[in-house]
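Peer 1: Residue-level listing of the chains:
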Amino acid sequence: MSNVIQYILYLAILVVLAIPLGAYIKKVMEGEKTFLSPILTPCENAVYKIMRVKKDEEMGWKKYCASVLIFSGSGLVFLFLLQLLQGVLPGNPQGLSGVKWDLSFNTAASFITNTNWQAYSGESTLSYLSQALGLTVQNFVSAATGIAVLFALIRGFQKVKSKGLGSFWVDLTRITIHVLLPLNLVIAVALAGGGVIQNLSPGQTVPLLEPVAVNAEGEILDHAEIDLASQTVTVDGVKVEGAEIVTEQFVPMGPAASQVAIKQTGTNGGGYMGVNSAHPMENPNAFTNLLEMISLLLIPAALCFTFGSCIKNKKQGVAIFMAMFLCLAAALAIVAVNEQAATLQLAQEGSVNLSMIDQAGGNMEGKETRFGIASSATWAAFTTAASNGSVNSMHDSYTPLGGMIPMLLMQLGEVIFGGVGCGLYGMLAFAILTVFIAGLMVGRTPEFLGKKIEPYEMKWAVLVCLATPIAILLGSGIAAAVPEVADSLNNSGAHGFSELLYAYTSAGGNNGSAFAGFNANTVFLNLSLGIVMLFARFLPIAGTLAIAGSLVGKKKVAATSGTLSTTNAMFVFLLILIVLLVGALSFFPALALGPIAEFFSSIA
Amino acid sequence: MKTIKAVLPKAIAIFLIFTFVCGIFYTALVTGIAQLIFPDQANGSIIEVDGKKYGCELLGQQYTDDAHLWGRIMNLDVSTYKDAEGKTLLYASPSNLSPASKEYEKLVAERVEKLRASNPAMEDSAVPVDLVTCSGSGLDPAISPAAARYQAPRIAEARGISEQEVLEIIDQCTTGRFLGLFGEETVHVLKVNLMLDGIL
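Keeping their order, the protein sequence lines are chains A and B. Residues 1 to 604 in our numbering are what the first sequence lists, from first letter to last. Residues 1001 to 1200 in our numbering are what the second sequence lists, from first letter to last.
Hints listed in this document are in silico derivations from the structure and should not be mistaken for laboratory results. Just so it is clear, CB atoms sit at the ideal spot from N, CA and C, and this is done for glycine as well. Errors might be hidden in some of the hints.
Per label pair, the in silico range of CB-to-CB distance [stated by the list, open to error]:
| hint | chain 1 | residue 1 | chain 2 | residue 2 | range |
| --- | --- | --- | --- | --- | --- |
| 1 | B | K1106 | A | S97 | 36 to 42 Å |
| 2 | B | R1116 | A | S230 | 32 to 38 Å |
| 3 | A | I470 | B | S1118 | 50 to 56 Å |
| 4 | A | Y456 | B | T1003 | 41 to 47 Å |
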């Protein structure tokens, strides 16, 4: 029962916080005064002054798009070089060497596309300088870029017979300075208070209560008798030559809280640690978990309400929000039920206690005790609905169906809230698709928010909607045919195929979570996943801006009695149907080979 | 080409500004505030008694001694980290195994058998799931109250103390849900063991 209350509260807190934040973002983007303006507006103006940007510049869609691409491209080059050269740069107390070129490319592509796929393991691969100057910065600006593109599209609906979509530089600056920085400052300090590390010391060591013996080959010796005084190790009475006694544990350090805050709020997801928010130093308790988990869906949910008030049609914002929310709640329920039920293989015919008495029970493989099933399943649904990709449990160890839902949420095109900005513009492309199909059925020229939808918009909307499926299916199809990829799998059979499919799904959805047993750090995988991420990010951006550019030049059509309502329950239902239809048709064959096959073989 | 020439300088300028603001200024500000208000938490919650370090509150360790409380299954990593003198440092990682495979079934069966053999007093009860599964980080410092109480008779016998004493220590090291609602009840394994050893 307490679990059900937990699930409901997580969803309720999200909605309660998203509504005021949505109103705040609207004020910021329309240049209105907020309670933070007295401090932040001077900073904003200072940036324009240094950059010689005019606040009222109006860019056409092509210039807006070029600005996005060139800005992101500069980030790609900078981040690539920063990692390559970190060995000779300062801010590296652990003395880590430069990152290999293919991994550098993959990580750079991953962070500028707001994906944050982790082929690297943060604490053992990246210096503090690379983390702060590279990853943290991209976490901010890639998130701001997504929101900026959304506002260009919103202006396409708002304005009548004009050309300009606003200035990318102004949008980027406003979002970063008025929304992301203050929000993350508060969250980061709260996280540090909750026990997330935030310092600049090198990694430390602490003694182990019970030493561990390792033989000369680096394997752990079970049942070893360890004599610390004479430094000898014996197994079954036989002395082991060359054995090492490990008496200390590694304790990672560094500026984690500041990066964890923005990786959550910006739907980035790239952890400070390799195991992300499952790591006790990145997410030590239920308080930090609540904060991080709500943060990850907060802005995508808020933007639905921002959208409604910007187009002066709050009902439209609520309708889109409801479509997303219903899908999320359904997905969460399926994950929760499957994880609580666990598997026959774990139950051992009753020898293992899976009950909920004095423990979380259920499938605890890959889950932390402090989060149990409820907080882990909720996080899994949230993080894959939003294109966040951070994890607090290992999705690779989910039950077959419990692990299929996160995959499906990404395959739907990351439009169930999705990434900051990009989730909503993706969903609006689906809305355009929906009004077009519904319009055809009743024989009327389709229109959306008073703008006629014509073949030009349709072509781009279809591309935006299909970019993700194309990227995922082509990518995983090619990878499945490459023999060396089989060496990267951690599990065999259908689950192994799921690991591969999940990797390309995550890259194609710009999500970044993983079935983490999959070893993605090979040249082929680093390059191919990097290319998939870039394609799935920038094709929809170009498409969205092209649609915005066309809409902004059109006149408003007055609504008549024959106009299809886009705010009622019927439209919400149709929209969900179209999203599911495109997703299911594209991915059913692939899912049948992976999680569905695994499910049936596990109960056979 | 003309657009690129016009846009590129602005793109680089704004990129550099935000690299400074978000990379350096923001990180430094959070570090400064955190170090000022929450020095213990921000520095890794290391357990110190009379100036001697006894482990990190956030990281689990592996225990095999009958007289100690055991934690989650650990997938130990002894190849990634070395100290300045080249001595191996312990770390751990998740298993990432599918819980629906035949191999996994066998693995769990072995763990159950081992636990039953070590805890003969509990042979009639099912083994709490926390004790036969690897955690999400591999470094989970806690187990459920059910998993801790399951081990109480073994610890009591190994130490020659009453089961009641062990259960009292477990109770003292148990943390409830946040606000009574969020997360799960946990028993901190290292703290229990330090108390059993008379250090805490």
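Peer 1: Give a verdict on every hint.
Peer 2: Verification of the supplied hints:
{"no.": "1", "hint": "B:K1106 to A:S97: 36 to 42 Å", "in the structure": "holds, 40 Å"}
{"no.": "2", "hint": "B:R1116 to A:S230: 32 to 38 Å", "in the structure": "holds, 34 Å"}
{"no.": "3", "hint": "A:I470 to B:S1118: 50 to 56 Å", "in the structure": "holds, 54 Å"}
{"no.": "4", "hint": "A:Y456 to B:T1003: 41 to 47 Å", "in the structure": "violated, 22 Å"}
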